[in-house]
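Residue numbers (my numbering), protein chains in the order written: chain A, 1 to 215; chain B, 216 to 764; chain C, 765 to 902.
What the hints contain is simulated information worked out from the structure, not anything from laboratory work. Note that CB positions come from ideal geometry on N, CA and C, so glycine has one too. Worth double-checking, as some hints may not be accurate.
[Unchecked claim] Simulated restraints, written as ranges between beta carbons of each label pair:
no.	chain 1	residue 1	chain 2	residue 2	range
1	B	T241	C	I792	54 to 62 Å
2	A	S185	C	V826	26 to 34 Å
3	B	E741	A	Q180	34 to 42 Å
4	B	A458	C	V850	34 to 42 Å
5	C	L858	B	G358	54 to 62 Å
6	A	S185	B	P457	56 to 64 Å
7	B	M414	A	V105	35 to 43 Å
[Unchecked claim] On the chain B side, residues computed to face chain A include the following (Cβ under 7 Å):
no.	residue
8	R329
9	A332
10	I393
11	L432
12	P435
13	G438
14	G451
15	T533
16	L545
17	I548
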Amino acid sequence: MSPEAGLPEGILAHHYSSLERQNEAMRLGMWLFLATEILLFAGLFTGYAVYRYQFPLAFAEGSRHLNITAGTLNTIVLITSSFTVALALHFARIDKPRAAAICIVLTLLFALGFLGIKAVEYIEHFQEHALPGKYYAFEEVNIAGAAMFYTMYFLMTGLHGLHVVAGMSVLSWLLWRTLQGRYSSLYSTGLEMGALYWHLVDLVWIFLYPLLYLI
Amino acid sequence: MRLSETDSARLAGSPPAPSYLEDGTTLMSWLNTRDHKRVGVMFLVAVIVSFFLGGIFALSLRMKLLQPGPFLMDALGYNRLFTLHGVVMIFLFLIPAIPSAFGNFVLPLMIGARDVAFPRLNLASFYLYLAGAAIAIYGMVHGGADTGWTFYTPYSSTTPTQVLPILLGVFILGFSSIVTGLNFIVTVHTLRAPGLNWMKMPLFVWGIYATSIIQVLATPVLGITVLIVSVERFAGFGMFDPARGGDPVLFQHMFWFYSHPAVYIMVLPAMGVISETVCAFARKNPFGYKAIAMSSIGIAFVGFFTWGHHLFVAGQSTFDAGAFGILSMLVGIFTAIKIFNWVGTMYRGAIAFKTPFAYICGFLYFLVFGGMTGVALATTSLDIHWHDTYFVVAHFHFIMVGASVMAFLAALHYWFPKMFGKTYHEGWGLVAASLIILGFNATFVPQFLLGNYGMPRRYYQYPEHFQALNVASTAGSTLLGFGFVIILIYLAIALRWGQRSEQNPWGSKGFEWMTASPPPTHNFDEIPTITQMPHDYRTHEPPGVIRVT
Amino acid sequence: MAESALPSEKLHPDREEPHAHSAVPYVIVWIVLLFFTALTYVTGTMHLGKWALPIALAIACVKSALVVLIFMHLKESSGTTRLVFVTALIFLGLLMFFTVADVATRFKLATPAGAPFGTERSQPEGLLEHEMPAEPEQ
Chain A
1 MSPEAGLPEG
11 ILAHHYSSLE
21 RQNEAMRLGM
31 WLFLATEILL
41 FAGLFTGYAV
51 YRYQFPLAFA
61 EGSRHLNITA
71 GTLNTIVLIT
81 SSFTVALALH
91 FARIDKPRAA
101 AICIVLTLLF
111 ALGFLGIKAV
121 EYIEHFQEHA
131 LPGKYYAFEE
141 VNIAGAAMFY
151 TMYFLMTGLH
161 GLHVVAGMSV
171 LSWLLWRTLQ
181 GRYSSLYSTG
191 LEMGALYWHL
201 VDLVWIFLYP
211 LLYLI
Chain B
216 MRLSETDSAR
226 LAGSPPAPSY
236 LEDGTTLMSW
246 LNTRDHKRVG
256 VMFLVAVIVS
266 FFLGGIFALS
276 LRMKLLQPGP
286 FLMDALGYNR
296 LFTLHGVVMI
306 FLFLIPAIPS
316 AFGNFVLPLM
326 IGARDVAFPR
336 LNLASFYLYL
346 AGAAIAIYGM
356 VHGGADTGWT
366 FYTPYSSTTP
376 TQVLPILLGV
386 FILGFSSIVT
396 GLNFIVTVHT
406 LRAPGLNWMK
416 MPLFVWGIYA
426 TSIIQVLATP
436 VLGITVLIVS
446 VERFAGFGMF
456 DPARGGDPVL
466 FQHMFWFYSH
476 PAVYIMVLPA
486 MGVISETVCA
496 FARKNPFGYK
506 AIAMSSIGIA
516 FVGFFTWGHH
526 LFVAGQSTFD
536 AGAFGILSML
546 VGIFTAIKIF
556 NWVGTMYRGA
566 IAFKTPFAYI
576 CGFLYFLVFG
586 GMTGVALATT
596 SLDIHWHDTY
606 FVVAHFHFIM
616 VGASVMAFLA
626 ALHYWFPKMF
636 GKTYHEGWGL
646 VAASLIILGF
656 NATFVPQFLL
666 GNYGMPRRYY
676 QYPEHFQALN
686 VASTAGSTLL
696 GFGFVIILIY
706 LAIALRWGQR
716 SEQNPWGSKG
726 FEWMTASPPP
736 THNFDEIPTI
746 TQMPHDYRTH
756 EPPGVIRVT
Chain C
765 MAESALPSEK
775 LHPDREEPHA
785 HSAVPYVIVW
795 IVLLFFTALT
805 YVTGTMHLGK
815 WALPIALAIA
825 CVKSALVVLI
835 FMHLKESSGT
845 TRLVFVTALI
855 FLGLLMFFTV
865 ADVATRFKLA
875 TPAGAPFGTE
885 RSQPEGLLEH
895 EMPAEPEQ
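The task is simple: from the sequences and hints, build the whole structure.
Set out below in structure tokens:
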């Protein structure tokens, strides 16, 4: 029996010889996309490294004035959301679409939680005037380079936040598709791609957390 | 069972499936196509329009430079024009020219696939290109930028001109480029026809594959760089602003991490075209297939280790300058391998001196001179003298126009019958080729001299004793312009009234000639099984050998 | 089928839904990730001086390796996908290495006293050591 039997219409494109080949193509395409994401963040990590090297004191001081509790909490939230999205894919593959949908909803809730905590932090920064570049007027840290720490902080967390929002829209779309019963043991590649993207969002945060909050 | 004769007869004669050009003729059937061939043709039209736009900017610049003093335009207008010339030529023409237009069209044909891996993404890539171009052109119409295409900070984050839309346009164009590259990599990995293993891939496919790697890995860094500059402009984050503790050299590092490999995005597909056509017109197997294929990957890799040679006088450390100087020269090794192999392919071949071959000769000459002056420029001590002079301008035009545009024209003429099934006028083709090669030399050789005498680039005015050479350069550029207009005219005539061409007018052994010209929508009635090496001119069988099981 | 002769086709005959069996690995990885988060928090708040950065980065690398290999299934992926990921990391390293190397080996400019962005590195090394807070001052 060919593995394509019983597949919903329109999943296997005409120019692929088999579903296996198409899945392989999608996986490779997704990883290439993730590679571009890594290199997108590479620019910011490089900037961080350069300015951290130039202003070690300011970076240490700036880091000490961030809300480390919020940062740690967010790390836990994001790691758990990564776990639930992995579970979602797992459930979809063993033909439990309802459990998969619940996991995606959980992931979305965690993502919202992450953004909420982040928003609380941002509000604190605004109140303290711990803002990047020309808006910097934070009285507690007043060394050369302190503004640069906040520039990097806002650029990195801001870009990461945009990725969280993008990931949430992808996951909402996938939730819709899961509820339609599109993902099963026969085919789950679409969900797999979305999960990969979400894991990348987690991956970036795993590095942002120690670099910004801890050292 | 080999059915080569009947099969090629069937393909050459009235094809059973309508060609991709006849399969739907409404505007929507083009705008909403998933067919890689139609996307390729749309890209081709778009990049040719961009090329003429950039060319008009270039000619206006040269006209101004006829006079040492103020002439035709004011200084700000001049600054805007060279910025627009650079942005249009690089982001709208050179980067997508060969990969997105010809790569899209012939790559799936060459590997025996019915389409690229992600046809919808492919179409999206075209629309991203259009969107990026539209936003950039909006910026141009509303005043344009005066930063040069390099957008060096802190000037680009403080100048009152319209930098923001152009940056945004570049960002979106980068997306388009990434999507195309990603698509090609996946296509090559997953959609090769049976029997077509890596060491049987046509050399053009190797060139495009190597290009795609650079597109995917380098372009995101440009994306984040222009994004940061945009944020600097409207929010004053100061990451590249020395007044706020930022480091402008960091911008240059990040910018050239993309923009130097981008040179190889422009030249690697060009090299692929030359590898392909040189075999077809010398009627000989490639000399050193593996060496040509591997040196493409080599250039793609080593090309990432050289960006610092743009920063020799920017305040970069001596350590980095030395390291980058040495690493830059490695590119010369791989390029030389290719050049020797092409010449080796021609040696004792049965050369058919058709229009594409004229461009091949031009390409080789320009690449050698452009490449050698590049090695000279990578020498730190020499670069300090030549930096930001017309010597650099002439050097990179030798590579970008000399090599890439010659290859683009070779590809255009070589694949014209494949794409449209029409023949163009060979005589006019050779006239235009001679005019372009002559005009090109007349334009840029004087610029080498001017640069060596110390004339800086991007200056509105210059001392009077430079005028003679500048007039020579402008005269040359006019010839160059005439050459391109002639090509446009006779190709347009060929499209409308040209004779129907044969299926394989060059007798080429390139795999893209396995199918009809122009190809049917799904490329192949049956996916071919590849048994030959590519460019195998020792046999008399048609390319690839189509086998029906 | 003739396609099966292709190398990419026969890469992973055993990759037929190998993850379908159990969710236990995910749970284990999740717990380990939480443990490492706690560890990096504790070591991070100890202010270990020059060791802080390497330790934090090492922990982050372990955590991300777990995410990539298990959650993202790179462990079971084809060689090409792994190559893509490793290549991206290499080029990330490349950009960082030469850029930081530039800043680190640059000729140190003489910064006049009171200049707003006289970098701390341009001051005498001893002063830097002295000013570097080695103890937590919370």
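To see whether the hints hold, each was checked on the structure:
| no. | hint | in the structure |
| --- | --- | --- |
| 1 | B/T241 <-> C/I792: 54 to 62 Å | holds (58 Å) |
| 2 | A/S185 <-> C/V826: 26 to 34 Å | holds (32 Å) |
| 3 | B/E741 <-> A/Q180: 34 to 42 Å | holds (36 Å) |
| 4 | B/A458 <-> C/V850: 34 to 42 Å | holds (40 Å) |
| 5 | C/L858 <-> B/G358: 54 to 62 Å | violated (37 Å) |
| 6 | A/S185 <-> B/P457: 56 to 64 Å | holds (59 Å) |
| 7 | B/M414 <-> A/V105: 35 to 43 Å | violated (50 Å) |
| 8 | R329 | holds (4 Å) |
| 9 | A332 | holds (5 Å) |
| 10 | I393 | holds (6 Å) |
| 11 | L432 | holds (6 Å) |
| 12 | P435 | holds (4 Å) |
| 13 | G438 | holds (6 Å) |
| 14 | G451 | holds (4 Å) |
| 15 | T533 | violated (18 Å) |
| 16 | L545 | violated (22 Å) |
| 17 | I548 | violated (26 Å) |
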